[in-house]
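Enquirer: Chains A and B supply the protein sequences, listed in that same order. When the letters of the first sequence are read in order and numbered with the numbering used here, they come out as residues 1 to 368. When the letters of the second sequence are read in order and numbered with the numbering used here, they come out as residues 1 to 322.
In case anyone wonders, no lab produced these hints; they're calculated from the structure. Don't take every hint at face value.
[What the hints assert, rightly or not] Simulated DEER-style distance windows between Cβ atoms:
id, chain 1, residue 1, chain 2, residue 2, range
1, B, 33, A, 132, 55 to 61 Å
2, A, 263, B, 150, 48 to 54 Å
3, A, 66, B, 35, 30 to 36 Å
4, A, 168, B, 34, 45 to 51 Å
5, A, 263, B, 61, 54 to 60 Å
6, B, 78, A, 223, 27 to 33 Å
Quantities reported herein were computed from a predicted structural model and do not represent experimental measurements. Virtual Cβ for every residue (Gly too), placed ideally from N, Cα, C.
Each chain, letter by letter, is given below.
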Amino acid sequence: MTATAGMTSATSNNGASTASLLELRNVTQIFSSGPIWNREHNYAVNDVSFTLDKKPALITAVAGESGSGKTTLGRIMLGFQRPTLGQVLYMGNDVNRMNSGERKQYRRQVQAIFQDPFSVYNPFYKVDHIFTVAIARFNLAQSRDEARHLIEEAISGVGLRPSETLGRYPHQLSGGQRQRVMVARSLLLKPQIIIADEPVSMVDASLRATILETIRTLNHELGIAILYITHDLTTAYQVADNILIMYRGHVVEAGDVEHVINDPQHPYTRLLVQSIPMPDPNRRWIDMRGANDPPFTGIDVTQTMCPFVNRCPDAIESCIRDVPESYALDQTRIAKCFLHEHSGAVSDQNIASFFNIRDAQASHVDAP
Amino acid sequence: MSEPVLSIRDLRVYFNIRAGTVRAVDGVDLDIEEGEKLGLVGESGSGKTTTALAIMRMIKPPGEIAGGTVTLDGRDLISLTEPEMRAVRGNDVAMVPQAAMNALNPVRRIRSQMVDGLRDHGVNESRERLQERLNTLMAQVGLNSNVLNLFPHELSGGMKQRVTIAMAISHKPRLILADEPTSALDVVVQRQVMETLEDVRAEIGAAVILVGHDMGLMAQFADRIGVMYAGKLVELATVQQIFANPRHPYTRLLISSLPDTAGKRKLQGIPGLPPSLLAVPPGCPFMPRCPEAMPICGEEIPQLLGDPDLVSCHLHSEVVAA
Ligand SMILES: Nc1ncnc2c1ncn2[C@@H]1O[C@H](COP(=O)(O)OP(=O)(O)OP(=O)(O)O)[C@@H](O)[C@H]1O
Ligand SMILES: Nc1ncnc2c1ncn2[C@@H]1O[C@H](COP(=O)(O)OP(=O)(O)O)[C@@H](O)[C@H]1O
Ligand code: SF4
Ligand code: SF4
Ligand SMILES: [Mg+2]
Ligand SMILES: [Mg+2]
Numbered sequence: 001m002t003a004t005a006g007m008t009s010a011t012s013n014n015g016a017s018t019a020s021l022l023e024l025r026n027v028t029q030i031f032s033s034g035p036i037w038n039r040e041h042n043y044a045v046n047d048v049s050f051t052l053d054k055k056p057a058l059i060t061a062v063a064g065e066s067g068s069g070k071t072t073l074g075r076i077m078l079g080f081q082r083p084t085l086g087q088v089l090y091m092g093n094d095v096n097r098m099n100s101g102e103r104k105q106y107r108r109q110v111q112a113i114f115q116d117p118f119s120v121y122n123p124f125y126k127v128d129h130i131f132t133v134a135i136a137r138f139n140l141a142q143s144r145d146e147a148r149h150l151i152e153e154a155i156s157g158v159g160l161r162p163s164e165t166l167g168r169y170p171h172q173l174s175g176g177q178r179q180r181v182m183v184a185r186s187l188l189l190k191p192q193i194i195i196a197d198e199p200v201s202m203v204d205a206s207l208r209a210t211i212l213e214t215i216r217t218l219n220h221e222l223g224i225a226i227l228y229i230t231h232d233l234t235t236a237y238q239v240a241d242n243i244l245i246m247y248r249g250h251v252v253e254a255g256d257v258e259h260v261i262n263d264p265q266h267p268y269t270r271l272l273v274q275s276i277p278m279p280d281p282n283r284r285w286i287d288m289r290g291a292n293d294p295p296f297t298g299i300d301v302t303q304t305m306c307p308f309v310n311r312c313p314d315a316i317e318s319c320i321r322d323v324p325e326s327y328a329l330d331q332t333r334i335a336k337c338f339l340h341e342h343s344g345a346v347s348d349q350n351i352a353s354f355f356n357i358r359d360a361q362a363s364h365v366d367a368p
Numbered sequence: 001m002s003e004p005v006l007s008i009r010d011l012r013v014y015f016n017i018r019a020g021t022v023r024a025v026d027g028v029d030l031d032i033e034e035g036e037k038l039g040l041v042g043e044s045g046s047g048k049t050t051t052a053l054a055i056m057r058m059i060k061p062p063g064e065i066a067g068g069t070v071t072l073d074g075r076d077l078i079s080l081t082e083p084e085m086r087a088v089r090g091n092d093v094a095m096v097p098q099a100a101m102n103a104l105n106p107v108r109r110i111r112s113q114m115v116d117g118l119r120d121h122g123v124n125e126s127r128e129r130l131q132e133r134l135n136t137l138m139a140q141v142g143l144n145s146n147v148l149n150l151f152p153h154e155l156s157g158g159m160k161q162r163v164t165i166a167m168a169i170s171h172k173p174r175l176i177l178a179d180e181p182t183s184a185l186d187v188v189v190q191r192q193v194m195e196t197l198e199d200v201r202a203e204i205g206a207a208v209i210l211v212g213h214d215m216g217l218m219a220q221f222a223d224r225i226g227v228m229y230a231g232k233l234v235e236l237a238t239v240q241q242i243f244a245n246p247r248h249p250y251t252r253l254l255i256s257s258l259p260d261t262a263g264k265r266k267l268q269g270i271p272g273l274p275p276s277l278l279a280v281p282p283g284c285p286f287m288p289r290c291p292e293a294m295p296i297c298g299e300e301i302p303q304l305l306g307d308p309d310l311v312s313c314h315l316h317s318e319v320v321a322a
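Next comes chain A alone, as it looks inside the complex:
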């Protein structure tokens, strides 16, 4: 336990740092399908460990292609899905062993913002409804006036005018306004954590900037820790402190966003970064074509290989014989790739507190 603590060294009896709000320990989610004699097991999340801390409360991005397990990871953290293996700890308590009071607290403190805000609304109720329900459910106000005040404050907080927003039905607001109303609801609840799953993938660039700036404000000014799930690396770069890159359920690279995106070390992260459509007509993909072919194209990837081996241009023999561990590249970064084997493996427990990058003084590396 020597190296796990970041700025706070106090740890609770089960080993969770008291600064940690939400912690995943070796979480695996397997979805099984097909007949019993030929079950297929889909590892949507594969042995993932990390924490969201209270202090400092950071913005952590989770990026990866579609189907890589981002949404499943978010749902597990929200308690919507009980993982097949591993634990989720909220303030050091296993969320699957909470009593109802603890559970209510956890539900309030960890809020979600989803991709399509329209699906969250009931079209027959005015948008006010989602606020009044939240206020009643969590006893946030003693009087109607107080409730009204809280709602207006939250709506103003996301850059909307209460007079132009309240009293309307969901279809009378634009997509971006609806999404900001959802952010306002989170603001009203003042949770400790917000899990935002592709909150801006359906809006245009201008609204995207406005909504992301609002989310950033929630973090910087109210100290809310945020998990920002996306497949857009540029917005992840702009908004987040840390980033986890997921590929087929594995966290293949993680660390501070500046390094991961501007100096990617895992071959998959490199591929992602090279595919960003840069808004610069003088730096086109087309001019960067012709990378070497992956040596193991077409191989049937099993659970005992690197999950990226069939697409990896840098693959070597070890990659089809074993699953790489997480290796520490430096104090703030890990990559799950044999090319970095010499850097020394990190134990899962240590990964959990690896991303305390606004405060990266402790050494997290196990002796190789």
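With the hints as your guide, set chain B with the ligands onto chain A.
Expert: Frame of chain A, contents of chain B with the ligands only:
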């Protein structure tokens, strides 16, 4: 300069709804050269999709083409009969739709859907010739011919989009309209699909109108960019010009709202909302949101002027003199 492939003049598309007339496209002029790649960008609701659908004459009631001309290779499409127009669709102009998933029939194999597409357009060949043709199309979009035997749900999003590209190019159209063909895909697949689109486009020499609001994608793909605002083109210029020296304040704000990976900064959206297309205010439609508005902007609609790069903004009235 040679004759443009497509020439649009004063195109108007109106939706007549109970609340009034939505002027979704309101006086668009546009020429597309042979083999040119034009990006059509703008905020949601600015009229991009409606423009593309009008070129295909696929506007449905309560919408109507309220005026203007669309000329393809010298032929006025607006005056064609519906059967004549049906022959143009697919053969001369083809569409790659936004939601590939909805464009494919979920209960039929890819092969029979593609065969139907070919037969609909009068291809009457032996089974062997047809099979050869399908194999070639599949290879062109980077798919294995086995895919022909599959149902749409057995394909990934990127594969489905490749199938729709294969369908779109099957008659070697002169013009391909691609409406946000990759917005549902992740970056790696997006790049592969766009590269495929570019390869097949070059191979058959078609022009492309790429509709979307991802300026990054536009920078990667387009030769020229048309910026739409409230049903009008407000700037039309080469991609280099648009990114290096955007002249319309709206274009400038669109570009500055783009995130990049060269240092963190405040993300700046464009404040305010586009005007209701039911009652566009007099003068410049961008005025309520324009940081550089002047008194004249509220009185006179700026004209789209310049040569060859066009802009409609009173700040650039000097182009009139030029
Ligand atoms: N069937 C319809 N009835 C009434 N109005 C319509 C209809 N279809 C489109 N419109 C209106 O026409 C305008 C232009 O819509 P269009 O779909 O062309 O926008 P767009 O630029 O493609 O936007 P997006 O980026 O969201 O796809 C909008 O104001 C829209 O509300
Ligand atoms: N409820 C479910 N039942 C079965 N499979 C699921 C379920 N939810 C997700 N999956 C599968 O888990 C994998 C990860 O999905 P998801 O977490 O939605 O990925 P992402 O959000 O990164 O696109 C996919 O293969 C998906 O099909
Ligand atoms: S472990 Fe091997 S196959 Fe996997 S990403 Fe690294 S080099 Fe590529
Ligand atoms: S015409 Fe006036 S209001 Fe319109 S964009 Fe130009 S400066 Fe702004
Ligand atoms: Mg998802
Ligand atoms: Mg559209």
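Enquirer: For which of the previously enumerated hints does the structure constitute a violation, in increasing order of number?
Expert: The structure breaks hints 2 and 6; every other hint is satisfied.
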